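Engineer: Sequence:
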Amino acid sequence: MSRLINTEPPSKRRNKAAREIVLCIRTAASCQDQDQLLDLMAHIASSLEIIEGCIEQSVTAWEKRNYWVKADRYRMKWEWVQPAFEAVISYLESKGGAGNIPVETLLEIAEELGGITISPNHRMGKPWTGAYSIWQLRSIS
1 MSRLINTEPP SKRRNKAARE IVLCIRTAAS CQDQDQLLDL MAHIASSLEI IEGCIEQSVT
61 AWEKRNYWVK ADRYRMKWEW VQPAFEAVIS YLESKGGAGN IPVETLLEIA EELGGITISP
121 NHRMGKPWTG AYSIWQLRSI S
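According to our numbering, the sequence shown holds residues 1 to 141 in order.
Calculated directly from the structure, the hints in this document are not laboratory data. Just so we're clear, the structure is a prediction, and the values are computed from it rather than from any experiment. It is possible that some hints are incorrect.
[What the hints assert, rightly or not] List time: in silico EDC-like cross-link candidates among lysine to aspartate or glutamate, alpha-carbon distance up to 16 Å:
1. Lys-70 / Glu-49
2. Lys-77 / Glu-52
3. Lys-16 / Glu-63
4. Lys-12 / Glu-56
[What the hints assert, rightly or not] Using C-beta positions, here's what the derived DEER-type ranges look like:
5. Glu-108 / Ser-11: 20 to 28 Å
6. Gln-36 / Leu-107: 16 to 24 Å
7. Gln-34 / Glu-63: 40 to 48 Å
8. Lys-95 / Lys-70: 16 to 24 Å
9. Ser-139 / Val-103: 17 to 25 Å
10. Gly-130 / Val-69: 38 to 46 Å
11. Glu-56 / Gln-136: 20 to 28 Å
12. Pro-120 / Glu-63: 37 to 45 Å
13. Val-103 / Asn-15: 35 to 43 Å
14. Ala-110 / Gly-130: 33 to 41 Å
15. Asn-15 / Lys-70: 27 to 35 Å
Just so you know, even glycine gets a beta-carbon here, dropped at the ideal spot from N, CA and C.
Generate the whole structure from the sequences, applying the supplied hints.
Structural biologist: What follows is the structure, encoded as structure tokens:
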């Protein structure tokens with residue numbers, strides 16, 4: 001079996017995931033459907049997981065080159081990702097527990113990603129469609 005080579009740099013994957021998170025938060029603000037809200041939160045969780053993986057990949061490359069200060073600063077800049085991921089996961093594990101959306105977490109994420117702008121005519125579609133069922137399948141195995 002041949003090796004799988006990912007040609008996208010971590011920064012591109014991280015930026016795409018961050019844009020999708022901002023779009024999900026925007027949509028969640030006006031969402032009334034519980035199933036769609038679970039999909040949105042599951043997609044936010046998977047995007048936060050992608051961001052965390054990209055951060056570690058970037059930091060590992062810098063540490064190999066002895067750029068420890070740069071790596072530490074980068075980790076500190078993105079240290080909010082893990083607690084936000086855990087809060088979203090706890091919401092998903094309670095299956096939306098009586099509609100208690102982790103509003104504080106979403107506000108913190110929105111604040112951290114505040115510099116990202118998405119035009120109303122974006123071409124991202126609805127990347128969260130079916131994300132909760134995929135998350136359930138992944139958590140079972």
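Engineer: Each hint should be assessed against the structure and marked as holding or not.
Structural biologist: Tested hints:
no. : hint                          : in the structure
1   : Lys-70 / Glu-49               : violated, 22 Å
2   : Lys-77 / Glu-52               : holds, 12 Å
3   : Lys-16 / Glu-63               : violated, 24 Å
4   : Lys-12 / Glu-56               : holds, 14 Å
5   : Glu-108 / Ser-11: 20 to 28 Å  : holds, 22 Å
6   : Gln-36 / Leu-107: 16 to 24 Å  : holds, 20 Å
7   : Gln-34 / Glu-63: 40 to 48 Å   : holds, 43 Å
8   : Lys-95 / Lys-70: 16 to 24 Å   : violated, 41 Å
9   : Ser-139 / Val-103: 17 to 25 Å : holds, 23 Å
10  : Gly-130 / Val-69: 38 to 46 Å  : holds, 42 Å
11  : Glu-56 / Gln-136: 20 to 28 Å  : holds, 25 Å
12  : Pro-120 / Glu-63: 37 to 45 Å  : holds, 41 Å
13  : Val-103 / Asn-15: 35 to 43 Å  : violated, 25 Å
14  : Ala-110 / Gly-130: 33 to 41 Å : violated, 24 Å
15  : Asn-15 / Lys-70: 27 to 35 Å   : violated, 19 Å
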